[in-house]
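A.B. asks: The residues making up each chain are set out below.
Protein chains: 4
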Amino acid sequence: MASMFGKSLKVQIFGQSHSAAIGVVMDGLPAGTLIDLDELRAFMKRRAPGQSDTATPRKEADEIEILSGVVPGEGGAEQACTCDVKHASACGAPLAMVIRNTNTRSGDYAELRDVPRPSHADYAAYVKYGTAHDIAGGGHFSGRLTAPLCAAGGVCVQILRTHGVTVRSEIVQIGTTTDPERFRAEILAAKADGDSVGGIIECTVNGVRAGLGEPMFEGMENRIAAAIFGIPAIKGIEFGNGFACASLRGSQNNDEFIMQNGIVTTATNNAGGILGGITSGLPIVFRVAVKPTPSIAKEQRSVSLSRGENTALSVRGRHDPCIVPRAAVCVEAAAAIAVYDVVRGE
Amino acid sequence: MASMFGKSLKVQIFGQSHSAAIGVVMDGLPAGTLIDLDELRAFMKRRAPGQSDTATPRKEADEIEILSGVVPGEGGAEQACTCDVKHASACGAPLAMVIRNTNTRSGDYAELRDVPRPSHADYAAYVKYGTAHDIAGGGHFSGRLTAPLCAAGGVCVQILRTHGVTVRSEIVQIGTTTDPERFRAEILAAKADGDSVGGIIECTVNGVRAGLGEPMFEGMENRIAAAIFGIPAIKGIEFGNGFACASLRGSQNNDEFIMQNGIVTTATNNAGGILGGITSGLPIVFRVAVKPTPSIAKEQRSVSLSRGENTALSVRGRHDPCIVPRAAVCVEAAAAIAVYDVVRGE
Amino acid sequence: MASMFGKSLKVQIFGQSHSAAIGVVMDGLPAGTLIDLDELRAFMKRRAPGQSDTATPRKEADEIEILSGVVPGEGGAEQACTCDVKHASACGAPLAMVIRNTNTRSGDYAELRDVPRPSHADYAAYVKYGTAHDIAGGGHFSGRLTAPLCAAGGVCVQILRTHGVTVRSEIVQIGTTTDPERFRAEILAAKADGDSVGGIIECTVNGVRAGLGEPMFEGMENRIAAAIFGIPAIKGIEFGNGFACASLRGSQNNDEFIMQNGIVTTATNNAGGILGGITSGLPIVFRVAVKPTPSIAKEQRSVSLSRGENTALSVRGRHDPCIVPRAAVCVEAAAAIAVYDVVRGE
Amino acid sequence: MASMFGKSLKVQIFGQSHSAAIGVVMDGLPAGTLIDLDELRAFMKRRAPGQSDTATPRKEADEIEILSGVVPGEGGAEQACTCDVKHASACGAPLAMVIRNTNTRSGDYAELRDVPRPSHADYAAYVKYGTAHDIAGGGHFSGRLTAPLCAAGGVCVQILRTHGVTVRSEIVQIGTTTDPERFRAEILAAKADGDSVGGIIECTVNGVRAGLGEPMFEGMENRIAAAIFGIPAIKGIEFGNGFACASLRGSQNNDEFIMQNGIVTTATNNAGGILGGITSGLPIVFRVAVKPTPSIAKEQRSVSLSRGENTALSVRGRHDPCIVPRAAVCVEAAAAIAVYDVVRGE
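From first to last, the protein sequence lines are chains A, B, C and D.
Quick note on this note's numbering: the first sequence kicks off at 3 and runs consecutively.
Quick note on this note's numbering: the second sequence kicks off at 3 and runs consecutively.
Quick note on this note's numbering: the third sequence kicks off at 3 and runs consecutively.
Quick note on this note's numbering: the fourth sequence kicks off at 3 and runs consecutively.
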């Protein structure tokens, strides 16, 4: 396994859907970094389920506990750090945050182990880990693991802001519609059919100065892509005008340089703020494709691994008919982790 | 800089467009790996310019010299290894390969240094490296650096074949057309206009067994994307049906499992052979967007960095009106490096 | 910070002396690895204080809680994993283990922050982290952090045994004596003086097959040394006959090859089982120097950082007059982590 | 293989004793770094053989050729960079340097392949790489590979000096003598016996500011040790008073803090400038044990791998009776690489 990301800031995620806890260790935060815990909770709440009829009604208690890496932020009081405090100050040691799982391996997963859910990791994990794999709730592959991702990303968002950098995602497509007013209807229609639907999220990172990143394999695109594909269900990423650039002429796609108030900038931003792997000073813009939730009530074909024969499957439980709304903040989190790792390393 | 890729096989690329040489060091090849040098040359020739009227007429002498890491492959003769031999056998030490540059910093690059070419890395590199940057021919950002990438990738392709794995790219779009019969016309039309055009390449990796890769940040998608964005001009990557999945319902996008001749497989491959970061046993399929060559004869706006004012620029020299045909083999090379790195590490 | 070790098995340690908890994440354990929790507790107990008059009488509740990465080991029962179970089975996901700190930041550390303890990390950490540093109990630099090191090492010891490899430390010197019968007296004499004493530990790794490790920077010596210096108070490491080899002739120091029962071996093991960074098949043998505990009751000179003037300091509290006995198991733990990382990666 | 070192500055060494060339790639040098090539040659010459009757009379043509990563250093002239120029300026791209081997695989190594030399890597490499191993001259394990190590280290020494840091080695023991006046006699006596002798080198890094390095596994001791053991024949390393600290009381070994001209310093430097992995501002001091050259003319026992029986061996050729004098500069090189990697990363 390698659920670790980063060079100058190492982010190590752990946990399974039904383990005692899930969490993350961040190694490399600058000593003195002030973390606003209320803001962090608000950031994570954007990901939490149970808040809308377009998401699963399942509730998760996602209260973060900080195990180490901080001292209370009010400037020196030497009492125990708990989440009652509003601010915590990174002390230079690795920051460890955990979220308890309240729903731990109580169900019966015998059928799940035998009949892999289509387009889930069940079968691939079975081949990789054999019967040792923790199948309960999807184990380490569960979307629940995006909670510690958001915890880490939320911290990075706060630090990036002190560098003048903001990260913001926006849903630009749900199913076949690009009209925000129809997003909810599209999701509810899929839900009514016992089905699910995908979408596209656009993320913009503003305020990144020119000259960040490296050529070739450590370019900004490489780093952001490597982080973003850590989110389950992402199947594509494009920077700037992305796949649309294929149809363009160079004269249409090139971003011409212009002087603006004494500063070098470009009239357009088809490159999405990255040239040769290095930031140009324009906003970093990328879009990601989110596949429709693979868990659907509709009956699907699958196989019984024990009997080696075809069978049918209807995924029970309360699933998101569309994970795009909850994934938007995960995209911000992953982008913030990748961008801050580069900022931190320069 | 960080022109290094890989965990179990480290690939370190070096060189600038006009440095004495460009090259690559591969650290981690299994001792005894037999390298067919004729096949490697043929692989690299697919990338070489000067072979078609759709590419730059510029010639490059791309003869590889192996500096270290091999003994002659004919089973023990202890003479010096040169490229006259047809086979070389990796001895376990790092394999170093170089390609001499014949055109080394002879021109006048004063203007290039002052007026950055739109959608090239010139300006970003200027901010990052200042006047120390080797601007000649694009320096380390030059497409010429894909030659050592192909050398390393060509070696990986040969090893992967011994594991039953093949890697193959195909051009699926040039400009606005997806009809292969019209690709050449599309390129020549752009060329006639002093312009350039982009396209889309699809790459298929066949024969990868199920269970390879890791969850989260070391998934197959993350690794392949991190390698692929090392190729200049790539602006997007999608796996399986990629961005198209956004418009689909789960019931349409899911790959249902079926038994086929006693083997678990899927009826469709919308996931592109990867689920939860781990291979499913189906072919890995991905597509990449290649932007139109930024170097065009058409006049474009740019700025004079020294004078801080707007100016105009026409990029002189012999440039590819479309780099997609030459980039196809680079995509194979990068994919082979990423996939073999995972295969090697398991 | 970078409290992470390993390539194929990543070990990330976190915590401070007085944070809510300390712990470790191990990413890369093979799925199906069976962990005997009683044995792990016994391994860790060898490090625990409060067990002898040669160690600090301070008690630590070092009960490990496994947060993730396992399923109960009795072959499939899907109930919550707790430390009540005797075996746990690694499921392939990162293994997270934590130990609660019961003594969290209750004291008054104002003086400690102002007057750095000689030969502790206080001053270096003050320069590095400023006032953000968590000074309480030494923070992340505390010897308490060897508890999670031992937790990780204890798991590696168990896995190595399934590969036929054993790791065993032995105290070979305490203060000026190399006579085991006098070790206790030497420590008690130092204790009676309000002082402390150092020593030397020898570690032997038996059963490692020939051919493991890499030349140059990833050699076995490099890897073991990089892990061992992660233990506070280690100031030297030597392999085989180590520093003694400096005084020898080649004809004395060389390990001549001989055939023994049809197997290639050597008559002596002056190399400590490692040649050119690679294991020779002989036992890996190394010794480490452990400095005397820097915390002593005796008055020492130090400075007041706030007043910029000389002062005196007597380190209060209950300290180990000699940490060598408790460090022996830490050396095994670090060696096991380093050796298993190499074994796992081959 | 993994002949790569470093985090912020990656140093990748390649080559075998008899390959076409040996060399090094340095990825991460700051753009604009000025390299004095005459000084670099002088640095490397300290390692070159054939200069004294205490070293092998074998001559090596060690002229460095820079393949990439620089532009000529005289401030902008855009002509080809060759080693005729006296200064080169790093351009930000990876610096590749090669040294041609003139003596390439011309001999007969059949016997060497069959009868491993005692205390060389021959046998370990045979087990690891099988017959694919390049045995000629020791292949990748040859001491000749310290030439590119010195090339990389020589560059780091130059950069460190601009940070006020100097690195200097000194021989403190040869065989049984610590009297510099008798070092030469000790070596010549071993030579006269067809034997060899070891020694101890002390290295001091002056001018490193306090606060560099990280706790635990990325401490200064860990990093320096990991680099130093990359030099063949090093069997031990100790920092400060090292193994001697084992015999001391805490009150003797502790470095008491004192104010000196308004600056915090210590009266002694038993810690060798490193506390908790972090620099204290005092000089970094360490000693390394160098084993006697394993190649000796004296007959030794060995085995025939093909026949599986005992045999005798006298290592022919012209070998160093003591490599300590030539190793001193290698220790400086490895230390400079390790220290600069940390300085660069802060």
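Bear in mind the hints are in silico, worked out from the structure with no lab data behind them.
Computed from a predicted structure; not experimentally measured.
Errors might be hidden in some of the hints.
Because identical chains share one entry, a pair is satisfied inside a single copy or across any pair of copies.
Claimed, not checked - Calculated pairs, SDA-like style, for lysine to any residue (alpha carbon to alpha carbon, straight line, at most 20 Å):
1. LYS47 with ASN312
2. LYS9 with GLY347
3. LYS300 with ASP55
4. LYS88 with LEU114
5. LYS300 with ALA269
6. LYS300 with SER249
7. LYS193 with SER249
8. LYS61 with ALA112
9. LYS193 with SER253
A.B. asks: Hint by hint, note whether the structure agrees.
C.D. replies: Evaluation of the provided hints:
1. In this homomeric assembly, LYS47 and ASN312 never come within 20 Å of each other (Cα to Cα): the closest approach is 41 Å inside a single copy and 47 Å across copies.
2. In this assembly of identical chains, the alpha carbons of LYS9 and GLY347 lie at most 20 Å apart whether taken from the same copy (8 Å) or from different copies (11 Å).
3. Taking the shortest Cα distances, LYS300 and ASP55 sit within 20 Å of each other inside one copy (19 Å), while across copies they are farther apart (54 Å).
4. Within a single copy, LYS88 and LEU114 get their C-alpha atoms no closer than 42 Å, and across copies no closer than 26 Å, so neither meets the 20 Å cut-off.
5. Taking identical chains as interchangeable, the C-alpha atoms of LYS300 and ALA269 lie at most 20 Å apart only when they sit on different chains, with a minimum of 17 Å there against 49 Å within one chain.
6. In this assembly of identical chains, the alpha carbons of LYS300 and SER249 lie at most 20 Å apart only when taken from different copies (18 Å versus 38 Å within one copy).
7. In this assembly of identical chains, the alpha carbons of LYS193 and SER249 lie at most 20 Å apart only when taken from different copies (15 Å versus 36 Å within one copy).
8. Taking CA atoms no more than 20 Å apart as the test, LYS61 paired with ALA112 passes in neither setting, with 24 Å inside one copy and 44 Å between copies.
9. For the identical chains of this complex, LYS193 and SER253 are inter-copy neighbours only, at 12 Å across copies versus 45 Å inside a copy, given an alpha-carbon limit of 20 Å.
Going down the numbered hints, you'll see the structure goes against 1, 4 and 8, while the others check out.
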